[in-house]
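A.B. asks: Chains as they are written, first to last, in our numbering: chain A, 6 to 119; chain B, 11 to 121.
The hints are simulated quantities; they were obtained by calculation from the structure and are not laboratory data.
Every residue gets a Cβ at the ideal spot worked out from N, C-alpha and C, and that includes glycine.
Among these hints, one or two may not hold up.
[To be verified] Only pairs whose alpha carbons sit at most 20 Å apart, straight line, appear in this in silico SDA-like list of lysine to any residue:
#1 B:Lys-52 <-> B:Ala-95
#2 B:Lys-52 <-> A:Thr-10
#3 B:Lys-12 <-> B:Ser-94
#4 B:Lys-52 <-> A:Gly-45
#5 B:Lys-12 <-> A:Thr-10
#6 A:Lys-47 <-> B:Thr-96
#7 B:Lys-52 <-> B:Lys-12
#8 B:Lys-52 <-> A:Lys-88
#9 B:Lys-12 <-> A:Gln-46
#10 B:Lys-52 <-> A:Tyr-105
#11 A:Lys-88 <-> A:Val-24
[Unchecked claim] Here are some, though not all, of the chain A residues that point toward chain B, as calculated from beta-carbon distances under 8 Å:
#12 Glu-6
#13 Pro-7
#14 Gly-21
#15 Ser-32
#16 Tyr-36
#17 Tyr-38
#18 Ser-86
#19 Glu-90
#20 Pro-112
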Amino acid sequence: EPEVTQTPSHQVTQMGQEVILRCVPISNHLYFYWYRQILGQKVEFLVSFYNNEISEKSEIFDDQFSVERPDGSNFTLKIRSTKLEDSAMYFCASKEGSGYNEQFFGPGTRLTVL
Amino acid sequence: QKEVEQDPGPLSVPEGAIVSLNCTYSNSAFQYFMWYRQYSRKGPELLMYTYSSGNKEDGRFTAQVDKSSKYISLFIRDSQPSDSATYLCATLKTSYDKVIFGPGTSLSVIP
Numbered sequence: 006e007p008e009v010t011q012t013p014s015h016q017v018t019q020m021g022q023e024v025i026l027r028c029v030p031i032s033n034h035l036y037f038y039w040y041r042q043i044l045g046q047k048v049e050f051l052v053s054f055y056n057n058e059i060s061e062k063s064e065i066f067d068d069q070f071s072v073e074r075p076d077g078s079n080f081t082l083k084i085r086s087t088k089l090e091d092s093a094m095y096f097c098a099s100k101e102g103s104g105y106n107e108q109f110f111g112p113g114t115r116l117t118v119l
Numbered sequence: 011q012k013e014v015e016q017d018p019g020p021l022s023v024p025e026g027a028i029v030s031l032n033c034t035y036s037n038s039a040f041q042y043f044m045w046y047r048q049y050s051r052k053g054p055e056l057l058m059y060t061y062s063s064g065n066k067e068d069g070r071f072t073a074q075v076d077k078s079s080k081y082i083s084l085f086i087r088d089s090q091p092s093d094s095a096t097y098l099c100a101t102l103k104t105s106y107d108k109v110i111f112g113p114g115t116s117l118s119v120i121p
């Protein structure tokens, strides 16, 4: 069964460093999303991406964040200068097309900022 | 007012019990209502979705949506230890919209 994959599973970084979280969405999917979940809190939307551009972003997704689909398979989230409060699980999700269909979530990348 | 609210629990039940999980939402524009299951340190996994009001059954799981009271429920019959997880209710305004999650209810089914 096709699935969303994410690498790395755990990333530890120093405050102020740049990190790139990688996702491989399901191959025929067209809509892509990043969410995050701070430990003990709810899953929160960060950004959606369709047709090679950002469709919507939340207040969390400030200038320190960027997303890219560098080729036909990868979808990345970059945090330019990490802060302690960026420590969270980051989930990538993808969806096939318009109309209701399921957003499939990846297993997540646990980001720890020291 | 939070968009989606649910009792965080934890909820602990004996194996075989009927479990009732509930959720409320604030925005009448929401059209799609979902229940996700999340195991520790894993991504959310869709259990069921409902469009607008009504009931939907899938095996041991039944989802109910009452748009008039903005109330969402998930019932689990004959609960199993493998059902132990956090259950997230969630909504969408449109089919391509972002998912808005509730905080989740932690469920433990004791053998």
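A.B. asks: Work down the list of hints and note, for each, if the structure agrees.
C.D. replies: Taking the hints in turn, this is what the structure says about them:
1. B:Lys-52 <-> B:Ala-95: It holds: about 10 Å lies between the C-alpha atoms, which stays within 20 Å.
2. B:Lys-52 <-> A:Thr-10: The given pair, whose Cα atoms are some 12 Å apart, holds under the 20 Å limit.
3. B:Lys-12 <-> B:Ser-94: Violated, at about 26 Å.
4. B:Lys-52 <-> A:Gly-45: Given that 20 Å is the threshold and the Cα spacing comes to 13 Å, the pair holds.
5. B:Lys-12 <-> A:Thr-10: violated (31 Å)
6. A:Lys-47 <-> B:Thr-96: Holds, at roughly 11 Å.
7. B:Lys-52 <-> B:Lys-12: Violated - the C-alpha atoms of Lys-12 (chain B) and Lys-52 (chain B) are around 24 Å apart, more than 20 Å.
8. B:Lys-52 <-> A:Lys-88: violated (23 Å)
9. B:Lys-12 <-> A:Gln-46: holds (13 Å)
10. B:Lys-52 <-> A:Tyr-105: violated (23 Å)
11. A:Lys-88 <-> A:Val-24: holds (11 Å)
12. Glu-6: violated (12 Å)
13. Pro-7: With a closest approach of 14 Å, the Pro-7 (chain A) hint is violated.
14. Gly-21: Since the shortest Cβ distance to chain B is 26 Å, the answer is violated.
15. Ser-32: With Cβ-Cβ at 18 Å, over 8 Å, it is violated.
16. Tyr-36: Holds. Min distance 6 Å.
17. Tyr-38: Holds: closest Cβ of chain B sits about 7 Å from Tyr-38 (chain A), inside 8 Å.
18. Ser-86: Since chain B brings no Cβ nearer than about 25 Å to Ser-86 (chain A), farther than 8 Å, the hint is violated.
19. Glu-90: violated (18 Å)
20. Pro-112: holds (5 Å)
Violation of the numbered hints given earlier is confined to hints 3, 5, 7, 8, 10, 12, 13, 14, 15, 18 and 19; the remaining hints are satisfied by the structure.
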